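Under this note's numbering, read the sequence shown as residues 1 to 665, first letter to last.
Worth flagging that the hints you see were computed from the coordinates, not collected in a lab.
Just so you know, these numbers come straight off a predicted model, no measurement behind them.
Here are the simulated lysine-lysine pairs, DSS-like style, with alpha carbons at most 27 Å apart: (1) 580 <-> 256; (2) 206 <-> 66; (3) 529 <-> 519.
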Amino acid sequence: MTHALIKSCRKKSKLKKMYKKFPNAINRIKYKNYKKTLRSCIITAEKNYHQQQLKEMTHDMRKTWKVINNIINKNNCQMSNIILKLDNVIVDDPKIIVEKFNSFFVDIGPKLASNIQGSKKLFTDFLPPSSQNSMALHLTDKYEVLNIINGLKNKTSFGLDEIPINIIKFAKDFIAQPLSDLINCSFNTGIFPNNLKQAKVIPVFKSGDCSQLTNYRPISLLNSFSKIYEKVIAERLLKFLDKDNFFYPEQFGFRKNHSTQAALINFHEFISNSVEKNEIPIAIFLDMSKAFDTLDHNILFKKLEHVGIRGNMLELIKSYLTQRTQCVHYKFTLSSQQFIKCGVPQGSILGPLLFLIYINDIHRSSFLLKFILFADDTTLLFSSKSLQHINQIISNELQTVSEWIRANKLSLNVSKTNFMIFKKFSIAKNSLQISIDKNVITQTASTKFLGLEINSELNWTNHISLITKKIARAIGVIRRVRYKLTKAASMLLYDTLIVSHINYCNILWASNYKTTLSKIYSLQKRALKLCQGIKSYIPYFKQGPNNHNTLQKGQSIFHSNSKLSVYEINKCQIASFTYKTLNNLSPLCFKAFFTQISNVHSHNTRAESRNDLFTKPAKTNSRKFAISVRAPVIWNDIPITIRNSSSVSQFSINLKKFYVNSFVN
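With the hints as extra help, turn the sequences into a complete structure.
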């Protein structure tokens with residue numbers, strides 16, 4: 001409500017009083033007309049207000065839902081009061097609650113570590129030869145610090161220092177030089193400042209009984225300046241490790257140009273290729289309990305030295321990880337500080353990188369199994385034409401993998417570890433029994449892997465069904481708030497609540513039959529019509545042969561809004577992946593996916609002159625939709641001018657225009 005609107009409301013009240021005092025036709029018309037105009041102005045102002053809010057929160061699902069709940073007057077369902085049951089005693093005193101939470105969170109890692117069985121082998125038995133190179137530690141300057149500050153997310157949350165990132169960004173020109181001097185001092189002395197090693201932890205309820213400590217997870221807020229220190233250190237570590245090609249090629253977590261999508265493509269390629277060769281592929285999904293919290297500092301330090309991180313950099317990392325403290329914050333009450341004995345800091349920049357170094361040699365525990373890693377998510381793959389051979393290999397190799405896990409003092413959660421055979425489940429069920437350390441692993445027909453629902457048929461029907469339900473629910477939400485939103489604001493909701501679900505790993509699950517995706521396609525059209533405020537849409541007609549109008553079936557609503565359907569999004573993602581791979585912007589493991597026609601045969605053909613890709617044959621359905629098979633077909637249909645785009649962003653822009661304007665399904 002602006003000052004002008006408040007003033008207008010007062011005027012409306014005066015007109016109403018005048019009409020009641022002198023109830024004649026003139027006063028009635030004045031009051032009714034003014035009331036109608038004011039109502040229209042308030043509705044417009046409210047719509048513009050919500051539009052601005054949603055525009056600022058684009059692609060931030062949590063904040064978008066806050067706006068939606070505010071529009072529909074829904075109370076925040078987060079628990080404002082915590083009541084714990086401790087030794088059959090109900091506790092609601094914040095001072096006791098924060099102390100109990102702090103002790104519980106600090107003890108999680110050490111308790112798990114103490115229950116880990118000993119191993120016959122040492123962690124050093126799995127390490128490669130020691131690196132002869134040592135990392136040189138280069139000092140920083142104010143320009144690097146400024147770039148790092150500019151790259152940080154503009155958050156308003158803060159740790160114990162009570163200084164959010166947006167304040168640091170505001171003062172960056174004044175603090176960059178002294179901050180770079182302080183970081184250089186840490187580099188020269190190998191000491192990480194103690195005040196930057198304190199964490200403020202917020203307990204957040206997960207599910208289940210809200211009176212139980214185990215049903216809460218910690219959200220750690222670190223000192224804002226610590227992130228700048230960590231970013232400077234992390235960039236030097238990554239540069240050194242990448243130069244030595246340290247990382248296992250199929251470690252996809254927390255690395256540039258690596259993502260969950262890349263891990264899933266690699267996974268799908270192995271399975272589909274095995275099925276094509278008439279082999280039986282098997283995937284074992286290992287679940288490690290609190291791996292980030294149980295990481296052993298002494299083992300990490302020895303691994304760092306083994307890699308070549310020595311001298312001041314090693315001392316700096318030791319200083320960074322040791323003597324760290326945390327306290328719990330709840331209802332303006334802080335617990336006492338407690339020391340963290342193992343693990344890497346949650347919410348840190350350096351922590352995930354150190355964990356990757358720690359777990360990097362797990363693939364050396366077996367040279368027969370294929371490992372796909374995403375941080376602590378470890379997937380083992382193997383295929384053979386004989387179940388008996390699979391059983392023999394898996395039993396032996398899992399034993400050495402288990403030895404690695406125990407030697408590195410990590411904990412395997414057998415109850416959440418499962419395996420899947422990618423054949424018809426009715427045939428394969430119970431035909432193979434796999435165990436780790438005498439604990440039988442469950443065989444499953446479907447599982448969630450890096451955000452996708454995978455089934456043993458590898459046809460993505462489970463995931464497509466899940467996406468369909470999510471989009472249908474999102475349409476219901478948009479329908480509830482549509483009357484308070486402009487078209488532009490509604491389209492922002494469309495992008496956040498609907499397109500975000502369709503976009504995630506669309507490259508895989510939407511590489512499918514059109515009939516399988518038809519429900520999602522229909523829901524997309526329904527959502528667009530709802531956002532545009534139209535009940536019946538007059539289709540766009542294109543002038544056809546002999547001057548007759550030909551209907552471009554189902555494409556008009558997408559064309560008029562410059563939006564892509566689920567089919568075109570899939571083609572765009574496949575084409576973008578191909579562009580990145582051909583331009584060396586994807587992980588190295590994808591380099592063999594594509595071959596130029598000119599490298600296959602020497603005939604002078606039109607396709608060869610266009611630098612088209614060789615299209616691979618495929619017999620099975622799963623292989624037909626594999627990226628290495630489907631991508632060349634899509635790539636060869638793209639105009640050469642778009643293929644030769646100078647950058648990924650320019651390629652994506654040109655490709656979207658091409659698909660929007662061509663109405664290709």
